[in-house]
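Trainee: This is what each chain is made of:
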Amino acid sequence: MSEHSTSVGFYVMIFIILLLLTATTVGAAFINLGPLNPVIALGIATTKALLVVLFFMHVKGASEKMIQVVIMMGIFFLLLLLGLALADYGTRLWS
Amino acid sequence: MSDSPAVTAHNPELRHHFADMAQQKDAASLGMWLFLVTEIMFFGGMFCAYLIYRLQHFNDFAAASQSLDITLGAINTAVLIGSSLTVVLAVNAAQRGKRKLLVFYLVATIVLGCTFLGIKAKEYTQKFEEHHVPGPTFHFIPTRMAGHPEQPPIDERHAEMFFSLYFVMTGMHAVHMIIGVGLFSVLTFQSWKGRYSAGYYTPIENAGLYWHFVDVVWIYLFPLLYLISLHG
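From first to last, the protein sequence lines are chains A and B.
According to this note's numbering, the first sequence is numbered sequentially starting from 1.
According to this note's numbering, the second sequence is numbered sequentially starting from 1.
By construction, these hints were calculated from the structure, which means they are not laboratory data.
Do not take every clue at face value.
Covered by chain B, according to a simulated footprint, are these stretches of chain A (three or more residues, beta-carbon under 8 angstroms) [claimed, not checked]:
#1 42 to 54
#2 65 to 71
#3 74 to 82
Quick reminder that beta carbons are idealized off the backbone N, C-alpha and C, glycines included.
Given only the sequences and the hints, what does the whole structure look like? Please build it.
Mentor: Spelled out as structure tokens, the structure:
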């Protein structure tokens, strides 16, 4: 029920943070950090995704806990798909 | 929960199989989130294919990625984040029962969504002109190879694979955007007619969830497709 008290200014602040993170990810891509480049790119993308999901999609403070369970389930199966597929292809040394 | 039925039982939007408006809203939100989980798995399959081929053919993917227009990609990211802001402000206006403000933010979202699609169409046009679209006329010469003779030669077939994934992923994303613009067009009309109020705005909220999800997909697509190994 906290969503009703969320002000316009708060949403604009999240929007500005998202824009700054976008600028950061573009800037970081031009600096050679070796294997850290993709880690930073995905780290910033995940931070942005979290901000959108928690505050724009109102998952933080959601009255229905079941929604949080459904989201965690979705993320779990996505990581299962990516993790097991990459573990398979990443260890095929003979091919 | 026990005090709300007396207040909301006469809301004309309450379907008879729900006890009260709060229960109806929770059921609709849960259903929307379950749909979004199926969408996560739908895009997840494409991200998985992308990651496998990127790890196998990193140099070819990096060279192909560098032919994309980073400026247009970054502008589109900002446009899409802006449209997420207008959506969340539209939901906020609906919660406060401000009809005109709601219509204004919904129209703003449609305008920003169409701006994104317009810029995307411009990028696709460039790719068609450069013959970077997979198919019989595909042709790719990496731009940064001239001064780097020590780099391994680029395999055109693997660059073509990058562009196949680029067009499928951004194309499916654009299809979702077009559906979203259609949804918001209907909602704008209904909001203008006064269908939604502080007591009932679930369709606005659920369309908003869909739009934010499409935004999150782009948040991952942008660095993965446009920003591979840009440093010299």
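Trainee: For each hint, tell me whether it holds in the structure or not.
Mentor: Against the structure, the hints come out as follows:
1. Under a criterion of three residues with beta carbons nearer than 8 angstroms to beta carbons of chain B, the stated coverage of the stretch 42 to 54 of chain A is upheld, 7 such residues being counted.
2. For a cut-off of 8 angstroms, the count of residues in the stretch 65 to 71 of chain A with a CB near a CB of chain B stands at 4, and the three-residue condition holds.
3. A stretch counts as covered by a chain when three or more of its residues have a beta carbon under 8 angstroms from one of that chain; for the stretch 74 to 82 of chain A and chain B the count is 6, and the coverage holds.
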